[in-house]
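Trainee: Each chain, written out:
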Amino acid sequence: MIAGKTEMRLAAVAALALASVFAHSQSPLLDESQLSAPKPAAVAYLYPQQVTVPANQPTTLALHFRVAPGLHINSHMPSEAELIPATLTIPESSGVRIESAIYPHGIDITLPLDLKTRINVYTGDFVIQARIVAAAGNHLVEARLRYQACDNNACMPPKTITAPIEVIAR
Amino acid sequence: MKRNTLVITAVLFILAAFAWAAWANWELRKQARERLLAASARNVLVVAPAGSAAQYIVPLQGKPAPAFALEDLTGKKISLADYKGKVLLINFWATWCAPCKIETPWLIELRNRYAAQGFEVLGISADDLDRDDPAKLSDDKQQIARFVQQTLIPYPVMIDGDSISQPYGGLDELPASFFVDRNGTVVAAQLGITSKDEIEANIKKALGAK
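If you're matching them up, the sequences are chains A and B in order.
In terms of my numbering, the first sequence has 28 at position 28, counting the first letter as 1, and numbering is strictly consecutive.
If you want my numbering, it's the 1-based position in the second sequence plus 1000.
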């Protein structure tokens, strides 16, 4: 009987020890404050979010974008061949095709450390006029803008953002 | 008595097994946590006190430069270990990065000035490489080669820098330069273009580090 009590005590101690060890080993790997927050995109799509267009007829859409303050992106016609131009595309499977796009003229700027080289860029708000043809029906189009952003001292890798637009073609 | 001994031995054995399993689990989670932290360690721009320039917090500072082995434009493998004992400026750049083009002549000039003291620049292109399409991959490499030719880079240039971006803090912005002393420790880093004087000061710091 005494030995039985000893066994019970031993089992209880063992269970408590194991519970504490397991409780610690199951704690979350990291809390959110230990992870770096993702950087916001340099370019945001503004509007339109929904348009109604005649079915199967070319229609021009004005897509509005905004470049974050302090940044610029290369225009569609950058001044040097190796610079990545801003380019709008629409996935072929979306029921809406893009016939052409008219890009705004950028502005010429120079970087503070190289006043000789001029680069053609977009800053602030800019608008791309996309000529589209939509099949009859409702289409959720995810237009894509590929761009490459910089500030005066550094450049960020090229990025593609989506511009979600509900196209209602009647 | 014999039965009690057997029971106690069995309990202790089970206890030891569970304790070992818990310890192993804890160790594995600790390693996973460290890997996760390393992967999320980004170079971060912070606002400095009034009157001084904003500065980057670079997690690599004071730590060994992460090892790498990358191909150059001819396909030859170049590794960090090949330059053991040298003072290095590891410079990440890309063909689409206008500030990178501005600072490249400075790097060439400073490399030539300090080469006799055991200093070398390692250029690493972070341009995307389309490895699924041989024709596109060839174009990508040619574009990098054109940049190297146009800027007359005399130091080793490697490609596929994206593959080692995580251990170097994410490389969210280019150019990014890491100054490594003779012991292989990162003693300074610069993100974005600064000035030739600042680059030279960091080279001297790396050369002077014991």
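Hint data in this document are derived by calculation from the structure and do not stem from the laboratory.
This structure is a prediction, so every number in the text was calculated from the model and none was measured.
In this text, a Cβ means the ideal position worked out from N, Cα and C, and glycines have one as well.
It is possible that part of the hints are untrue.
[As the list claims (entries may be wrong)] Covered stretches of chain B, going by a simulated chain A footprint (3 or more residues, C-beta under 8 angstroms):
| id | region |
| --- | --- |
| 1 | 1058–1064 |
| 2 | 1084–1097 |
| 3 | 1172–1182 |
Trainee: For the region 1172–1182 of chain B, count the residues whose Cβ lies under 8 angstroms from any Cβ of chain A; is that count three or more?
Mentor: Per the Cβ count (4), the hint holds.
Trainee: Count residues of the region 1084–1097 of chain B with a Cβ under 8 angstroms from any Cβ of chain A, then say if the count reaches three.
Mentor: Coverage by chain A holds here, the residue count being 4 at a Cβ distance below 8 angstroms.
Trainee: How about the region 1058–1064 of chain B: do at least three of its residues have a C-beta closer than 8 angstroms to a C-beta of chain A?
Mentor: violated (count 0)
In this structure, only the earlier hint numbered 1 is contradicted, and the remaining ones agree with it.
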